[in-house]
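S.K.: Input sequences plus hints: build the corresponding full structure.
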Amino acid sequence: MTHPVDHPFHHAQAEALEARFALRVGARLNEGATALPHDISERLRVARLQAVSRARAQVLTRPAHEAAAAGGLAISVGPQGTATASGWGDHAAAPRPNRNKLDDEPVTWGWRLASLAPLVALVAGLWGIQAYYKHERIRATTEVDMALLIDELPPAAYADPGFEEFLRTSASDPAPPADMPLWVDDLIAEALGPAGGEPR
Amino acid sequence: MSLTSPNPLPSAQEALLNDFLAGVERRAFKRTAYAVRNDDAALDIVQDTMIRLVQSYGDRPAAEWPMLFQRILSNATLDWFRRQKVRNAVMVNLGDFEGADGDDEGQDFDLLGAMRVDDQLAEGADDAASRAQTLGQIEDEIGKLPARQREAFLLRYWEEMDVAETAAIMGCSEGSVKTHCSRAVQALARALQNRGITL
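Chains A and B are the protein sequences, given in the same order.
Residue 36 in our numbering sits at position 35 of the first sequence, with consecutive numbering throughout.
Residue 180 in our numbering sits at position 195 of the second sequence, with consecutive numbering throughout.
Calculated directly from the structure, the hints in this document are not laboratory data.
Keep in mind that a hint or two might mislead.
For lysine to aspartate or glutamate, the following DMTMM-like pairs were computed, each having C-alpha atoms within a straight-line distance of at most 25 Å [unchecked claim]:
id : chain 1 : residue 1 : chain 2 : residue 2
1  : B       : Lys163    : A       : Glu16
2  : B       : Lys163    : B       : Glu126
3  : B       : Lys163    : B       : Asp147
4  : B       : Lys129    : B       : Asp25
5  : A       : Lys135    : A       : Asp146
6  : B       : Lys163    : B       : Glu150
7  : B       : Lys163    : B       : Glu145
8  : B       : Lys129    : A       : Glu32
9  : B       : Lys129    : A       : Glu16
M.R.: What follows is the structure, given as structure tokens:
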């Protein structure tokens, strides 16, 4: 007693029936694929044409890129703009930077020099400011030194604590001249007294 | 400036490429639409596949294009699923793609009986409307198949690839292809019989 599927004949027959059924399904599906809506058919057609045109553009742009890379004559290809604009093919985009670089080289150097001008001006300005302050510092020091040197007092006197105390007290309470008469002193005391203008 | 090139695309190769794409584009669209269930997405995927083919393999012999095209189409479809934001949809479909081969054991369908019934009724003539309706139902059932089964079935019996080519495209063993195809056929036969559809 054997199961029908286990028999080689039945197994092969089942496979054949599966294939037959599947191929019939495939035939029905082909009918559906043939009867696609018009808009989908058109979109598929456009997609196919775009793909083929991109293949053409890719092959066409490859020699130009290789020639440019090898230092040969650069080839300007106009009609490939469509494919390049849609992001297709790195080969098409590669030669452009080289050509622009060569065309723009003098302008680039000019712009580079021009871009350095503000930096040069800044450095010069900082150097001038530093030189001015240095000159001013030297001039102030010279004035102090000159004042010390031409003064009647020796410079060592300013380092003496006693002389410093003398200067401080004399500045707050100036002494009257030695040859001033005594009655002048009385007059001053009377004028500055607490009674003000009261008569004695 | 006139356009000149030392290596122009051979017009014969370009024509071959165009003819090949014209021959596969409709089936590719339908197959992708079964998987992604979105016509616009299917068109995008097919266009992307065409571009990838001509970009990378346009200079290959024409005999290599069918397998390359189907492989690229499968990968592009998987990429589309990976890009989807809806995590549940991605998990369901990828889960189908990653399903184990032996998880449907014991669900054999009496295909022989179904075939006999189909054979008996296959000679009946349908009018155009009923055929269109039948086609829609078949497509519905194909869309309900697990992704791996659907891919194997369509590659094997619609694109008419052999088992080895189908296995290479799907990245699995030939035994897995046979299993997927057999289960797909049985599931389709069962579903269509339940709907009262005969082929």
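S.K.: Broken hints, numbered, in rising order?
M.R.: Those not satisfied: there are none.
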